[in-house]
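Protein chains in written order, with my numbering: chain A, 1 to 296; chain B, 1 to 296.
None of these hints come from the bench; they were simulated from the model.
Predicted model, so just to flag it, every value in this text is computed and none were measured.
Worth double-checking, as some hints may not be accurate.
[To be verified] Derived DSS-like pairs (lysine-lysine); straight-line CA-CA distance at most 27 angstroms:
| no. | chain 1 | residue 1 | chain 2 | residue 2 |
| --- | --- | --- | --- | --- |
| 1 | B | 45 | B | 99 |
| 2 | A | 30 | B | 246 |
| 3 | A | 127 | B | 273 |
| 4 | B | 30 | A | 247 |
| 5 | A | 30 | B | 45 |
| 6 | A | 127 | B | 127 |
| 7 | A | 247 | B | 103 |
| 8 | B | 103 | A | 103 |
| 9 | B | 103 | A | 246 |
| 10 | B | 30 | A | 246 |
| 11 | B | 127 | A | 140 |
| 12 | B | 140 | B | 99 |
| 13 | A | 140 | B | 140 |
| 14 | B | 30 | A | 103 |
| 15 | A | 103 | B | 247 |
There are 2 protein chains.
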Amino acid sequence: MNFKEELELRIKETEQIVLQFIPEEVGYQKTVIEAMNYSLKAGGKRIRPLFMQLVYQLFGATDNEIQPFMAAIEMIHTYSLVHDDLPSMDNDDYRRGKKTTHKVYGEGMAILAGDALLNYAFETALKSFDNGICFERKAKALQILARKAGIFGMIGGQTADIEAENVEQIPIEQLNFIHENKTAALLQAAVMIGAIMAGATDLQISLLEDIGFHIGLAFQIQDDILDVTSSLEQLGKATGSDEKNKKTTYVTIYGILQSKEEVSRHITEANQKILTLPGDKEFLLDLVNSLIYREK
Amino acid sequence: MNFKEELELRIKETEQIVLQFIPEEVGYQKTVIEAMNYSLKAGGKRIRPLFMQLVYQLFGATDNEIQPFMAAIEMIHTYSLVHDDLPSMDNDDYRRGKKTTHKVYGEGMAILAGDALLNYAFETALKSFDNGICFERKAKALQILARKAGIFGMIGGQTADIEAENVEQIPIEQLNFIHENKTAALLQAAVMIGAIMAGATDLQISLLEDIGFHIGLAFQIQDDILDVTSSLEQLGKATGSDEKNKKTTYVTIYGILQSKEEVSRHITEANQKILTLPGDKEFLLDLVNSLIYREK
Chain A
1 MNFKEELELR IKETEQIVLQ FIPEEVGYQK TVIEAMNYSL KAGGKRIRPL FMQLVYQLFG
61 ATDNEIQPFM AAIEMIHTYS LVHDDLPSMD NDDYRRGKKT THKVYGEGMA ILAGDALLNY
121 AFETALKSFD NGICFERKAK ALQILARKAG IFGMIGGQTA DIEAENVEQI PIEQLNFIHE
181 NKTAALLQAA VMIGAIMAGA TDLQISLLED IGFHIGLAFQ IQDDILDVTS SLEQLGKATG
241 SDEKNKKTTY VTIYGILQSK EEVSRHITEA NQKILTLPGD KEFLLDLVNS LIYREK
Chain B
1 MNFKEELELR IKETEQIVLQ FIPEEVGYQK TVIEAMNYSL KAGGKRIRPL FMQLVYQLFG
61 ATDNEIQPFM AAIEMIHTYS LVHDDLPSMD NDDYRRGKKT THKVYGEGMA ILAGDALLNY
121 AFETALKSFD NGICFERKAK ALQILARKAG IFGMIGGQTA DIEAENVEQI PIEQLNFIHE
181 NKTAALLQAA VMIGAIMAGA TDLQISLLED IGFHIGLAFQ IQDDILDVTS SLEQLGKATG
241 SDEKNKKTTY VTIYGILQSK EEVSRHITEA NQKILTLPGD KEFLLDLVNS LIYREK
């Protein structure tokens, strides 16, 4: 099996794991559950749960204890997209070639569906306590999940991002803060939780935090580059939106060439650190490179 | 000290406990933290954390282990108000006589602040794991918090509530579902968590779930009654909003008199069950009655 085939298989498997945890669409609250599931099923590369599982397995774990956390992190990522797309935020009508949640279910229901996904992420991750083993690992994993998703992580980055809109040029420190938090934080959570749940040492967990940082930065800078260079068809979403929103990006500060160099630098850092992890790293390394050097 | 004096003191103490857990307003994410804290500091009776602490103490607990959960439930209640007030939801400009969060910080930031409060609620409650004792109680308390706040609790009720808007008349089952989930669920979580954290038995926890249900129903039906009978000045928020939104309420189905009887019935049930709890129940009973038989 070559990398591409293995990746396809892995994404499919990850998707199945995530969808195992979605709630049934019944009861008077049926609509919000439909809206949650619509967003969750809308596709995407499932890279956060995939990274989580890969790291979990690198450290030698073979059981399913990681699965509730895989679903949880995908729910958190998805809720952030649902709310980001709202008219009062980025105002996007399409994502991954499909109508955004508020275009299908209305704005009020999309806000609720986002709330519901965030809440259900914790509900799902907390299910892992049911079997009564490894309480300390799970508690630590939950703490990382909450921290990296919140004001000291993703939400912090989103806030700084909103504040950067319609500002002529923000300082590079703020742009780094946005990328580190808006994008890298959840990737950090993914790989850290994989390690925590597999019983990694504090030093190893901290190494994975660094790896998540470099992957996240590379991914986001690449996203900024693609926003300028790709077409709607390739990307499955509106492009040039950064320019439209007058956003400062790596590209507006450094230009495309130097931005590409930054991507390389972060990838090199990530790869070097990945090589110090235990287990067979080949697929993980290929995955990181394929995610960054993508065309859409 | 009479009841009113003790209540004032208790509310002040509860408020201080909650505010101990709010994040500092610094960094590039400062604005979202300001918006969170603006909403959290906007007052209110803090009845959920107060009920939680009262039950905790009824069962003989005297330490501070309950405090992160007190803050967490108030954060969840607050986020639900911030999102409820949004233009695409209830579209309210004032709450408790103060401008709503989106009127002060804008819609996008209000959505983020609500998300941040929900996330930070879990982050705060998860802090309770730091001292490493009573893991099982805390895990159970967290599970109840997540469940009662989510699609099988508060968000479920909000969904059914939104769907009831502009519908000529919804079935009484749906109205009960809305009240049980939109209002009672978080009260149930409050009293159940108080009991769980104090080491109550499963039977006692289930009794508290019932008590929370009856208090919640009484409170919500009374709210429906006050929506028709109170003025803006008394309530500190717009009244007659149910009629404006064409909402089915107990009052529209049964009229004011029979609705008042329903309130009495639920209060009697709650009181009878409270009397079977351990400890000195006087203040708790007074509190329940004062909350229901209020003028605003």
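A quick look at each hint next to the structure:
With a CA separation close to 18 angstroms, the supplied pair residue 45(B) and residue 99(B) stays within the 27 angstroms bound. For a cut-off of 27 angstroms, the pair hint linking residue 30(A) to residue 246(B) stands: about 22 angstroms separates their Cα positions. For the hint pairing residue 127(A) with residue 273(B), the CA-to-CA distance comes to about 30 angstroms; that exceeds 27 angstroms, so the pair is violated. Straight-line distance between C-alpha atoms of residue 30(B) and residue 247(A) comes to about 19 angstroms, which keeps the hinted pair within the 27 angstroms bound.
With a C-alpha separation of about 32 angstroms, the suggested pairing of residue 30(A) with residue 45(B) is violated against the 27 angstroms cut-off. Distance restraint check for residue 127(A) and residue 127(B): the Cα-Cα separation of roughly 18 angstroms lies within the 27 angstroms cut-off, and the hinted pair is therefore satisfied. The hinted pair formed by residue 247(A) and residue 103(B) meets the criterion: a straight-line CA distance of about 24 angstroms does not exceed 27 angstroms. Restraint check: the Cα-Cα separation between residue 103(B) and residue 103(A) comes to about 24 angstroms, which is no more than 27 angstroms; the hinted pair holds.
For the hint pairing residue 103(B) with residue 246(A), the CA-to-CA distance comes to about 24 angstroms; that is within 27 angstroms, so the pair holds. At roughly 22 angstroms between alpha-carbon atoms, residue 30(B) and residue 246(A) fall within 27 angstroms of each other, so this suggested pair holds. Taking the CA atoms of residue 127(B) and residue 140(A), the gap is near 10 angstroms; set against the 27 angstroms cutoff, the hint holds. At roughly 37 angstroms between alpha-carbon atoms, residue 140(B) and residue 99(B) are farther apart than 27 angstroms, so this suggested pair is violated.
With a CA separation close to 16 angstroms, the supplied pair residue 140(A) and residue 140(B) stays within the 27 angstroms bound. Restraint check for residue 30(B) and residue 103(A): not satisfied, since their Cα atoms lie roughly 31 angstroms apart, outside the 27 angstroms limit. A C-alpha spacing of about 24 angstroms is found between residue 103(A) and residue 247(B), which places the hinted pair at or below 27 angstroms, so the restraint holds.
Violated hints for the displayed structure, listed by number in ascending order: 3, 5, 12 and 14.
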